[in-house]
Amino acid sequence: MNIKYNLVLKIISVVLAIVIWVGIINIITPLVEVSLIVPIELNYNEDTSVNGKSYNIKDSYNNVRIRYKIRRNSSNNITSNDVKAYIDINNDTVSGSQDIKLKFFNGVDKYLADIDYSPKEVSIAVDEVVTRKFEVIAHTTKQLPPGLIVENIDINPKEVEVRGTVEELDNIAEVNIEISLDGQESSFSGQAAVKFSDDFGNTIQGGTVRSAIDNVDYFVTVYSSKNITIETNIVGNVAIGHEYAGAIVNPSSIGISATKDVLTKIYSITLPEIDITELKENTDFVFDLTALLPEGVKIIGSKNNVTVTVSVNRLNARNNIFGPIIVSTSSNVEPYE
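Per my numbering, the sequence shown runs over residues 1 to 337.
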């Protein structure tokens with residue numbers, strides 16, 4: 001009887017000790033309510049990312065707020081890295097409402113109570129992914145030193161394949177690279193990252209748009225430049241009774257570019273002979289300068305022609321000293337003998 005009585009007392013003592021311990025714990029380290037914000041992730045199956053579709057959250061919700069209770073002394077031990085909010089994506093997933101699931105790591109969920117979160121579902125859009133080819137356009141930044149110009153930019157490859165939804169690709173106005181000219185004094189090469197721009201020149205980032213290659217190679221040909229004068233070569237004599245009054249060259253000088261060693265040998269360009277024999281009026285002579293420049297020399301700008309306007313004045317009888325004497329048949333003038 002005493003043994004049973006002692007056993008009951010012991011059991012009661014243990015229960016009381018536990019109750020008292022729990023009570024003390026609750027007083028010392030009470031449960032507190034904590035909230036945590038984590039991003040919503042799309043959890044793809046292994047074969048989903050290459051099934052020719054794009055999955056995007058349509059709603060304005062990109063994060064989940066998780067509320068839970070935890071002992072005060074442990075509340076700072078849990079971070080967003082310990083919780084994952086996700087939507088399962090597979091080949092059967094279609095546009096519309098999808099459930100958000102939670103997954104806890106490092107065993108933190110055993111310290112949590114009254115777990116709740118919102119939102120519990122969001123709408124996603126499923127779009128077809130296509131591929132298009134775009135020409136790569138080069139843009140330069142900064143400036144070359146005075147006397148140098150960019151003669152040519154060679155890009156390799158000249159086109160790239162871009163993958164994305166139809167809507168995303170329609171929004172791409174240009175695929176381009178940027179090349180800095182700062183500090184360059186001769187031809188140079190390098191690599192540049194492929195970028196996407198919209199109609200307003202803004203860089204497109206995010207979404208599913210991807211280029212098949214991240215960088216392209218480029219080679220920039222840098223030439224020296226300078227201005228040279230255009231010289232004329234007038235031969236012959238105008239018609240009798242007329243005089244040569246001069247020539248106007250338009251333009252009178254042009255800018256040219258070439259490698260430095262070629263450019264140092266050129267100071268001017270002389271046009272072919274302009275024969276003014278028997279000219280009686282102002283006449284324009286047009287020459288193609290590209291045919292007159294040495295090989296490897298290019299004209300700066302788009303104007304390749306030069307026009308020489310030859311002016312011819314007609315002489316009256318009194319001033320005509322180049323031809324024979326003109327005899328007037330007027331009755332009040334006597335012929336000269």
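Worth flagging that the hints you see were computed from the coordinates, not collected in a lab.
All C-beta atoms in this analysis are idealised placements derived from N, C-alpha and C, irrespective of residue type, glycine included.
There could be a bad hint or two in this list.
Stated by the list, open to error - Think about it this way: if two alpha-carbon atoms lie no more than 25 Å apart in a straight line, the pair counts; the simulated PhoX-like pairs of lysine-lysine are:
{"hint": "1", "residue 1": "LYS303", "residue 2": "LYS260"}
{"hint": "2", "residue 1": "LYS84", "residue 2": "LYS110"}
{"hint": "3", "residue 1": "LYS260", "residue 2": "LYS142"}
{"hint": "4", "residue 1": "LYS133", "residue 2": "LYS103"}
As the list claims (entries may be wrong) - Label pairs and their computed distance ranges (CB to CB):
{"hint": "5", "residue 1": "ALA173", "residue 2": "VAL262", "range": "23 to 31 Å"}
{"hint": "6", "residue 1": "PRO157", "residue 2": "LYS58", "range": "48 to 56 Å"}
{"hint": "7", "residue 1": "GLU33", "residue 2": "ASP198", "range": "39 to 47 Å"}
{"hint": "8", "residue 1": "LEU181", "residue 2": "ILE57", "range": "38 to 46 Å"}
{"hint": "9", "residue 1": "ASN156", "residue 2": "GLU273", "range": "20 to 28 Å"}
| Holds or violated: LYS260 with LYS142, Cα cutoff 25 Å? | Since the Cα atoms of LYS260 and LYS142 sit roughly 22 Å apart, the hinted pair holds (cutoff 25 Å).
| Does the structure keep LYS84 and LYS110 at a Cα separation of 25 Å or less? | holds, 16 Å
| field | Range agreement (Cβ of ILE57 with Cβ of LEU181, hint 38 to 46 Å) | value | 42 Å Cβ-Cβ, so the 38 to 46 Å window holds.
| message | Verify the CB-CB distance for GLU33 and ASP198 against the hinted window 39 to 47 Å. | response | The hint (39 to 47 Å, Cβ to Cβ) holds, given that GLU33 and ASP198 are roughly 45 Å apart.
| task | Decide if the proposed pair is consistent with the structure: LYS303 and LYS260, CA atoms, cutoff 25 Å inclusive. | result | The hint holds at about 22 Å.
| Quick one: are PRO157 and LYS58 within 48 to 56 Å, going by C-beta? | violated, 36 Å
| Agreement of LYS133 and LYS103 with the hint, judged by alpha carbon distance not exceeding 25 Å | violated, 41 Å
| Do the beta carbons of ALA173 and VAL262 sit within 23 to 31 Å of each other? | Given range 23 to 31 Å: violated, Cβ gap about 39 Å.
| CB-CB spacing for GLU273 and ASN156 relative to the 20 to 28 Å hint | violated, 46 Å
Consistency note: the structure conflicts with the earlier hints numbered 4, 5, 6 and 9.
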